[in-house]
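These are the residues of each chain, in order.
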Amino acid sequence: MNMIETVEFKLNHKPVRLSIDGERTLLWVLRSDLGLTGAKFGCGKGICGACTVLINKKAFRSCQVPVKEIHGREITTIEGLAQNGKLHPLQKAFIDHDALQCGFCTPGMILNAYSLLIEKPKLTEKEILEGMNDNLCRCGVHQRIVQAIQSAAKAMRR
Amino acid sequence: MEEEKQKGNPLEDANDRFILDRRQFLKALGGGILILFYSGDIAETQPPGTQGPLDFNAILRIGEDGRVTCYTGKIEMGQGIVTSLSQMLAEEMDVRLDSVDMVMGDTDLCPWDMGTFGSRSTKYFGPTLRKAAAEAKAVLIQLAGGHLKLPENRLIVKEGVVFDKEDAKKKVSYAGLAKGKKIEKRLEKKPHLKPVSAFTVSGKPVNRVDALGKVTGKAQFTGDIRLPGMLHARILRPPAHGARLKSVDTGAAEALKGVQVIKEGDLIAALHSHPDEAEKALARIKSEFEVPKAEVNDQTIFEHLLKVAPGGTVVQRAGEIEKGRGLAKLELEGTYHTRYVAHAPVETHTAVVNVEKDKVTVYASTQRPFSAKEEVAQALGVSSRDVRVITPFVGGGFGGKSWNRQVVEAARLSKLAGKPVQVAWSREEEFFYDTFQPAAIVKINSGLDDANRIAFWDYHVYFAGDRSSQLFYDVPHVSTVSHASWSGVPGAHPFQTGTWRAPGSNTNTFARESHIDLLAARAGVDSLAFRLDHLKDARMRRVLETVARRFGWNSSKRPSGKGEGVACADYNGTYVATMAEVAVDKNTGKVRVIRVVCCQDVGQVINPEGAKLQMEGCVMMGLGYSLSEEIHFNGGQIQERSYESYEIPRFTVLPKIETVLVENPEMPPQGGGEPAITCMGAVIANAVHDATGIRLFELPMTPERIKKALSRG
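From first to last, the protein sequence lines are chains A and B. Under our numbering, the first residue of the first sequence is numbered 1, with each subsequent residue one higher. Under our numbering, the first residue of the second sequence is numbered 159, with each subsequent residue one higher.
Worth flagging that the hints you see were computed from the coordinates, not collected in a lab. Since we're looking at a predicted model, the values are computed, not measured. Where is the CB? At the ideal position from N, CA and C, for every residue including glycine. Any given hint might turn out to be false.
Said to hold, decoys possible - No more than 20 Å apart at the CA atoms, straight line, and that leaves these computed lysine to any residue pairs for SDA-like: (1) K126(A) to K154(A); (2) K376(B) to N12(A); (3) K438(B) to I20(A); (4) K68(A) to K438(B); (5) K438(B) to M3(A); (6) K748(B) to E130(A); (7) K185(B) to R225(B); (8) K438(B) to Q64(A); (9) K362(B) to D96(A); (10) K120(A) to T810(B); (11) K58(A) to E74(A); (12) K515(B) to S541(B); (13) K45(A) to R799(B); (14) K415(B) to I20(A); (15) K376(B) to E79(A); (16) K415(B) to S19(A); (17) K126(A) to K415(B); (18) K438(B) to D21(A); (19) K376(B) to D33(A); (20) K45(A) to E798(B); (21) K14(A) to R799(B).
What the hints assert, rightly or not - Incomplete in silico selection of chain B near chain A, CB under 8 Å: (22) M235; (23) G236; (24) G334; (25) G375; (26) F379; (27) S584; (28) P807.
Unchecked claim - Sample of chain B residues lacking proximity to chain A, with all beta carbon distances greater than 10 Å (derived): (29) K327; (30) G539; (31) A575.
Isolated chain B (complex conformation) (with noise of 0.2 Å):
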């Protein structure tokens, strides 16, 4: 890559590589009336040297028979977003949302993206969809003015019918407009939109258009693509990171029959036309594995973290903390600890790949297609160009299909082999090579005045990620500082980190939301009282407020016993405010969460019964990271290696789910996949300290750590 880079100028090389690329997209594409048009996110993200068009991100596309298809590289993967978009279109356009078609993910007819994370698809991409769709019509209606031999103005558009608004039996379909023609358009000027109050589509509760396939057994997810003459590969894989393989002798898998064996370097696989063959035959391969010395533990990563933790960098200052510290008659410091966290998404990280001479075909399970197929280039040494990658539906990826490691592998396996293989890897690979969300660390100290409000708060995050970390109450003197992202920096984690659905906001939501209600305790005012005293952000005060009154909060000094809790968040411009209600068995240390209710402004809503199952999801998977989910290991060795020690939420630990969507239309949209997980290890801790007095400051709240701290007192 390096090199690229320096090879002659990278500008000239862009245009030169997107004339080519355009003709090869619009050939790809056909006849029909285009539209090209980015969303804001593309310039400033494509990395030199990718290949792609630069100009533009996404196609909308008039059929010659109507249907209008919308060529994106976002992804789908249970957000919905192929849904949400989907009525974008429809409503835009005023066609019916079955004519619509959602092309995702498919590097040779979708033009560069880079990825689908950090709930933005919506919030980013949807209001630019929007545009396109509304230059399309009009394009539609000059044609339609022209062929009725009518002034524009006289035209009105109903399901994909043009009509004269004075005679109805004057009309022209999209479908006859775009016949024969081949227009292209770039989305230049900034088109009229309609007035949310027009909405017809979009704002109303739809059944997700995937549905069907996915109740069905229909729905293709990566592991289900069938190639002729595919072999599915089984990975010869060290027992921990950092291995080093001493000794191989893959004789015995050899010998069975319809078996090959690869050897390359680090990779070693046995190959058969049945998976499960392909199992047995690893299984006959012998290896010896030399493991470093484990440096670092579950027991000493605080401590090592803070000791390689770099310098920080400052995300928010105001007044001055020393000037605060005067002003406080006490303070209080809190120290908050989150472990390691696995994805685990029930379909493990899969992909196939045809390696054939001038050209690499690859299905894969990924949030970044474009990221792969780069990888897969330069695996291979072959040009990006000759390299497609094809998304499938994603089972599931919260952030940990970022990564495209199995990709790489089948690309290197299928060259190896001519022919095309499938890797899958099994439930123990997909928690061995998690990109876990990270161990972290956040240090608070902070203070009250004599009035009872906080007087200063010092705020430290190391290993988190600054997201979320910025306070959004009212406090004079303020200092937050972040130490690492949750990549880590070299040395810190024995083995990867990433992305984990809402980076960073897990950890700092628990650790600012638990310090809140310390320091609300302290001041013996209710929780929900002393949040909205240091509150003037009117969002952030309508969403406590509505999530109040549906949860039917009453004020208290807490702890009252009654083992009820709030939290709330700001991510990325969404507002949540969650309630729960838990019950404490003081003799196991369970922690039983009864009731949860979660209130949200995105602004405006695109598919409501789309937000709220993210909502509900978020709830759920939420109770996983604050209450059992937890990553032990011994240097680069991962003791929760299956579904069985790490233990996911499950049916019955299902509380009452409600969630409200606060309405606020005239805001654009904002992201909903991520937000209402953030609050939930706060919630839970401090409806835990109400139902008993006890704070914990770690997550998860285990039995042993609930058992430990109530003995504790």
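With the rest of the complex left out, here is chain A (with noise of 0.2 Å):
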């Protein structure tokens, strides 16, 4: 048995305490412990990037994230990306374009096109389909991803 301690943190802007064994994932620790379900299990191994959410603004795959790791950090997932009602301009730009079908691995394609905009606001589209590559949707969605991150862009920078 590991070590119970305590992991502080602030998820979606409000702070949390949990006593936990520091050694579990990030991302069921959302989603069975916090009940955030918004954060996906797709392969458990980093690979697919459903479970994608925010440490500090940047994407981290939260299946291989051990909780300790995230004390005094910042996190945020899908359902804290709209902020006062208001949805991020990502979230709207993928609904004017229809980027999502079953929309299962949309929160980690919304959330890692932020963070790739957030490290650099105004992306090729060379650097977008880098960017995002690693990101997995069996739907085939991806042309319209892409078309949705270029205009968040814009509205981003605005």
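Mind docking these for me? Both chains are given alone in their own frames, and the hints should help you get the complex.
Right, dumping it as structure tokens:
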């Protein structure tokens, strides 16, 4: 049995304090302990990107992050992206461009794109393709996701 | 099941059930105006002995609040019917799109439905839904006539409010009319439908009605269901299909805090309130399996399949093959191979089941909730009447979620644990239990006459099924024979195979359209011109001509070195033609698809954006089975069990995709979820041939296969 430790962090702008086995993965702590199911399980190996969340505004595969590592950090899940009832430009662009079908990979797609755009607000198409390449979508909505990211990028720069 | 069927008179039983079910359904739905209707595919497909009313398979309700709700056993897995069906309803009833609700795949609220597959929802269900809506509107108009004391021909409807044409102040809303009413009607007569020219909602692009929930994380999938006391189960799996458990030691797992281990026959699982803890416990279960000797592997599979193939079924026959052969100046034979391909949806098979004393509640990622209901009832030995299946959003199906193994596992575990149980397959389990698109073979013998026309076409397909195997080109002497369908025959496949997006058609279209190109090249005729020379079918000509214009196809002898290909197909009434441009790296053998133009005639289009989205998805997904996706195996041992080894198309292989919908509004809507994927194998193979002069007879066209073919020359 691993040690129970105290882990404190901000989750979608609110403070959280857990007494928890620090080795447990963030994905399951979010989904199971904290009831936030927006981050999805797709592979459990950090390959598909369905579990992507933001840690200090940078995209991480939550299935690969031990919860102790987020102590003192700020976590944003898809549930926390819209603020004061206002959708984030990426969320709006995904709707406007029909950039989803089954929607299972969508939270991970949006948060990964967010992270890319925070790092570099003006991305070439090639940079978007490469930056998104490790987020998998089986419905094949890739073209629209690229378009959505491009139009969200414009809106975010405004 | 067998036993049940023999008991009593099945028809009488069905009647009893029907009366009970109708009461049960209608009670659950409350007041308002109800229209009970069915789409044509119910009677032929509802197996005897299944629970459910026999004379309707969907309900339309105008609630006392004026909202319009459709209850249907169809499910939403990304294909967008929650939007297109809502549009049809809003259109016919003259209400706003946002006052329509779809209740889908809930077996307590929705009458029996066989499942969601085969691009059937819009084609078969849609038209009946429109009629039901028209009927409901007629009832409302009648009520409004009484309410406003006006003749019906004076009334018009706008956004759910009935007005007097001559005095807009005289009006009453649907809500006002439905309030306090309880009217049930079966859709009997053929109501008057709106002409296409009057459409204001259908045929216009709208954003998906499920999008908001999906971009905010609010949309619920089965794995997101949380029930009080729920345990997550991880199940012990064999290393290969057909393996037998020799010994198991669960002691170390049972010693873990909060872990419950369940053993019942072949079902051994570790359960915990957190899935990661259940996973840890499973890792502590020690087991030994006996793996049977592998009889067949990916090297020997085609030989094996031909050996065990049953005699064929004639799909199509015209003229006499021997006569045609006599007319041919040259004969061309081709044997085409396609490999096992996985569905690989990003949401793995998932179920949550709560077995209680008198009822069983199931949440499942399934394309067949009503099958799941029967399967659970059978596994638990309860009446299917006591089982309710609820289908949250499904995270991709593609034909793979027509099998409900995970649902039965969760049901058995919930019963044994005495608590709600969630089973969510790992990615490894998802690949292992995938009901793959089968490996298949097509053998074509054909010939050209003196005028460079196809003299005969002798076609045998093995293990793909006959869908899209019929030749639509004008050839005088044709024989098309299908040997075994996609589900195979006992002893054929070392694991389960099944329906994979456009089942059978991917293989048949790859073979036919490759072979047509082979003939065209031999005839020295441009591959588009050669097709048109053999086509009288006006719809097919039109999609080909349209795609050629958009693509900018230049007639030329092939191979031209340009890397352009064409393919077309007819899939259950939808016509599709695709052109692609590729570049082949002769050193690495890598094919890069640069541009794809796809043109489709689906008849009437309900949601143009939705239809195009499906086409784009087909193109993208089709790149996978054409270029990279393939399951290797040794007997029942599956090699590719992760997204690392099994390569699905990603962003960096995205071509420029252009889609065109041919206008054909007078034809009833056909299916659009699958047709465009069928052309992808052939269009790329033909473009590769155009680029290099090398023809690939096997999918996927991996770099290794391309290099091998190039070295053979």
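Exercise. Which hint numbers doesn't this structure obey?
Worked result: 17, 21 and 24
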